[in-house]
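Which chain is which? The protein sequence lines are A and B, in order.
At position 17 of the first sequence the residue is numbered 17 (the numbering used here), and the sequence of numbers has no breaks.
At position 210 of the second sequence the residue is numbered 210 (the numbering used here), and the sequence of numbers has no breaks.
To be clear, the hints were calculated from the coordinates, so they are not data collected in a lab.
Here a beta-carbon is modelled for each residue, glycine too, at the ideal position from N, C-alpha and C.
Please note: incorrect hints may appear among the correct ones.
What the hints assert, rightly or not - Covered by chain A, per the in silico footprint, the following chain B stretches (three or more residues, Cβ under 8 Å):
# : stretch
1 : 155-163
2 : 171-183
3 : 193-199
What the hints assert, rightly or not - Only pairs whose alpha carbons sit at most 30 Å apart, straight line, appear in this in silico DSBU-like list of lysine-lysine:
#  : chain 1 : residue 1 : chain 2 : residue 2
4  : A       : Lys215    : A       : Lys242
5  : B       : Lys184    : A       : Lys201
6  : B       : Lys54     : B       : Lys80
7  : B       : Lys168    : B       : Lys184
8  : A       : Lys133    : B       : Lys191
9  : B       : Lys207    : A       : Lys133
10 : A       : Lys226    : B       : Lys168
11 : A       : Lys2      : A       : Lys147
12 : A       : Lys28     : A       : Lys285
13 : A       : Lys147    : A       : Lys9
14 : A       : Lys9      : A       : Lys67
15 : A       : Lys39     : A       : Lys215
16 : A       : Lys215    : B       : Lys168
17 : B       : Lys40     : B       : Lys7
18 : A       : Lys39     : A       : Lys67
19 : A       : Lys201    : B       : Lys168
20 : B       : Lys7      : A       : Lys201
21 : B       : Lys214    : B       : Lys168
22 : B       : Lys80     : B       : Lys61
23 : A       : Lys285    : A       : Lys2
24 : A       : Lys201    : B       : Lys187
25 : A       : Lys226    : B       : Lys184
26 : A       : Lys238    : A       : Lys285
27 : A       : Lys226    : B       : Lys187
28 : A       : Lys67     : A       : Lys201
29 : B       : Lys7      : A       : Lys218
30 : B       : Lys184    : A       : Lys238
Unchecked claim - Estimated spans, in silico, between C-beta atoms of each pair:
#  : chain 1 : residue 1 : chain 2 : residue 2 : range
31 : B       : Thr117    : A       : Ser150    : 41 to 49 Å
32 : B       : Ile215    : A       : Lys147    : 40 to 48 Å
33 : A       : Asp112    : B       : Ala17     : 35 to 43 Å
34 : B       : His104    : A       : Gly56     : 48 to 56 Å
35 : A       : Glu234    : B       : Lys184    : 23 to 31 Å
36 : A       : Ser87     : B       : Cys138    : 28 to 36 Å
37 : B       : Ser134    : A       : Asn204    : 52 to 60 Å
38 : A       : Thr11     : B       : Gly126    : 55 to 63 Å
39 : A       : Gly96     : B       : Ser134    : 41 to 49 Å
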Amino acid sequence: MKITDFFDKNTFVLSSEIEPPKGTDIEKFINTAESLKNKVHFFNVTDQQGAVMHAGSLTGCTILKNKNMEPIFQLACRDRNRIALQSDLLSAAISGLENVLIITGDHPHLGDHPDARAVFDLDSVQLLQAASKLMEGTDMAGNNLNKAPSFCLGAAVNPGADNLDLELIKVEKKVRAGAKFFQTQAVFDPERFNDFMDRMKEFNTPVMAGIVILKSSKMARFMNEKIAGINVPEEIIKRMEKTEDKKNESVEIAASIIRNIRSRCQGIHFMPLGWDNLVPHILEKAGLTI
Amino acid sequence: MIIGERKPLKEIMEMVAECDNVIVAGCGTCVAVCLAGGEKQVRVIASALRLARKLRGKPIKVTEITVERQCEKEFIEEIKTLIPNHDAIISLACGIGVQTLTQHYPHTITYPGLNTTFMGAPAQHGVWMETCRSCGDCILDLTGGLCPIARCSKSLLNGPCGGSKNEKCEVNQDIDCVWQLIYKRLKQLNKLHLMREIMPARARGEKDNGFPRKIIREDAML
Ligand code: SF4
Ligand code: SF4
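Whole structure, please, built from the sequences with the hints as guidance.
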């Protein structure tokens, strides 16, 4: 099922990120997904997130698909040239995957194989274009496909980017290149997010707000310092600092952010970073069911 | 110009461990300017070698010479008569100099004394920056004169990745995110429309695809 079908029906769409295993044991991966089945609509299966080597997104997606869960195939430009990227898109289509999130990918230098060669043959805009072209029946070189894939393409956006004008130029290009929905970097500041959404209006493309589950005040400070576009307000950091029950506080914080922004966006995208079991609590607190 | 960095003495010592007399050959052009391979560095390396080998009880004879440009046959002709009396050459030129010596003096081994690092310019005294990757199809006209191929860590062509923070690159806070610079520059030039254009995937073809490139100018051939 394409994610756009949900947006078209005005469904408030929920998705959660899930990471394929580092190794060949997929039990935890499956259990995590099962625990969120019927609680979120979609699972974003990550593609070597943070440039840390894992099993592939394609396989992860296929497993979920076979278990009647709807995956979003994440595809990063970092590790593959245009031949491999297009090939993976065709493979995804053959496996019945319909939703693809196209991202640049973190630099290998930040991951667990810092000496790996970075590819970046295409950037995210160019990969969106290439995927769009596949859907029209030809590859990037103009060769015909024996059957064209059909995807719903998505892209990432950072509402907290230092330079929002520049970020929006890129959004515009992504829309022109075929992006049909956006998922955002973590939102902590509803006001800032609202301003961002005002500016996103012109693109008329659904936006799913990213929610990162905070684990500690330390993590919040780390993200503020190191991660682009994340600005956890001091007040939230204090709350995490003071609390006796971090998990509970984290649930409260996430739920209140969601309540504040839900009327402004078309969905929520969770990035639980291991605390997947909190997602149902957050949904419950925020009053979101599917 | 071509920027190089001297290899650690230890590495050079290992290369010539079996030699009794060597030439340390400098190059007077790019690598001299970036203080890696000119006359002065030849002196430094030569005396360090002599001293280190003396301390090890295996003295070495070192001849010092610097030519104007090691990458051209005409200039390396100057050392022709020196070669036969030596076991090896340590070239303090870029890799092109090392290979030009190798090609013209195939009977003597030439060792690289430098790590040839990149093409760039001095940013300030003692700081050099990579600014071009010789991609074979320059797009500086579209990017306000700042190169995203050499200066963006991901060589992105359509704007910054999500990792740019405080105008710095996600890879390292010492690296300016060139896309932030390009944006500012194009804005200053009133040419932001250039950034709105989708830059197509690079046609690398024969220009930049890992195989050795060659330029033939018949008008310049003898
Ligand atoms: S685009 Fe960049 S790498 Fe290519 S020739 Fe121009 S400056 Fe050099
Ligand atoms: S932060 Fe800027 S320079 Fe670094 S990889 Fe991203 S776009 Fe390129």
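Structure-based check of each hint:
| no. | hint | in the structure |
| --- | --- | --- |
| 1 | 155-163 | holds (count 9) |
| 2 | 171-183 | holds (count 5) |
| 3 | 193-199 | holds (count 4) |
| 4 | A/Lys215 with A/Lys242 | holds, 13 Å |
| 5 | B/Lys184 with A/Lys201 | holds, 25 Å |
| 6 | B/Lys54 with B/Lys80 | holds, 28 Å |
| 7 | B/Lys168 with B/Lys184 | holds, 14 Å |
| 8 | A/Lys133 with B/Lys191 | holds, 29 Å |
| 9 | B/Lys207 with A/Lys133 | holds, 25 Å |
| 10 | A/Lys226 with B/Lys168 | holds, 11 Å |
| 11 | A/Lys2 with A/Lys147 | holds, 19 Å |
| 12 | A/Lys28 with A/Lys285 | holds, 25 Å |
| 13 | A/Lys147 with A/Lys9 | holds, 28 Å |
| 14 | A/Lys9 with A/Lys67 | holds, 24 Å |
| 15 | A/Lys39 with A/Lys215 | holds, 21 Å |
| 16 | A/Lys215 with B/Lys168 | holds, 27 Å |
| 17 | B/Lys40 with B/Lys7 | holds, 15 Å |
| 18 | A/Lys39 with A/Lys67 | holds, 15 Å |
| 19 | A/Lys201 with B/Lys168 | holds, 29 Å |
| 20 | B/Lys7 with A/Lys201 | violated, 56 Å |
| 21 | B/Lys214 with B/Lys168 | violated, 36 Å |
| 22 | B/Lys80 with B/Lys61 | holds, 18 Å |
| 23 | A/Lys285 with A/Lys2 | holds, 27 Å |
| 24 | A/Lys201 with B/Lys187 | holds, 23 Å |
| 25 | A/Lys226 with B/Lys184 | holds, 23 Å |
| 26 | A/Lys238 with A/Lys285 | holds, 21 Å |
| 27 | A/Lys226 with B/Lys187 | holds, 27 Å |
| 28 | A/Lys67 with A/Lys201 | violated, 36 Å |
| 29 | B/Lys7 with A/Lys218 | violated, 41 Å |
| 30 | B/Lys184 with A/Lys238 | violated, 36 Å |
| 31 | B/Thr117 with A/Ser150: 41 to 49 Å | holds, 47 Å |
| 32 | B/Ile215 with A/Lys147: 40 to 48 Å | holds, 44 Å |
| 33 | A/Asp112 with B/Ala17: 35 to 43 Å | holds, 37 Å |
| 34 | B/His104 with A/Gly56: 48 to 56 Å | holds, 50 Å |
| 35 | A/Glu234 with B/Lys184: 23 to 31 Å | holds, 30 Å |
| 36 | A/Ser87 with B/Cys138: 28 to 36 Å | holds, 31 Å |
| 37 | B/Ser134 with A/Asn204: 52 to 60 Å | violated, 42 Å |
| 38 | A/Thr11 with B/Gly126: 55 to 63 Å | holds, 60 Å |
| 39 | A/Gly96 with B/Ser134: 41 to 49 Å | holds, 44 Å |
Figure legend: structure checked against the earlier numbered hints; hints not met, in rising order: 20, 21, 28, 29, 30 and 37.
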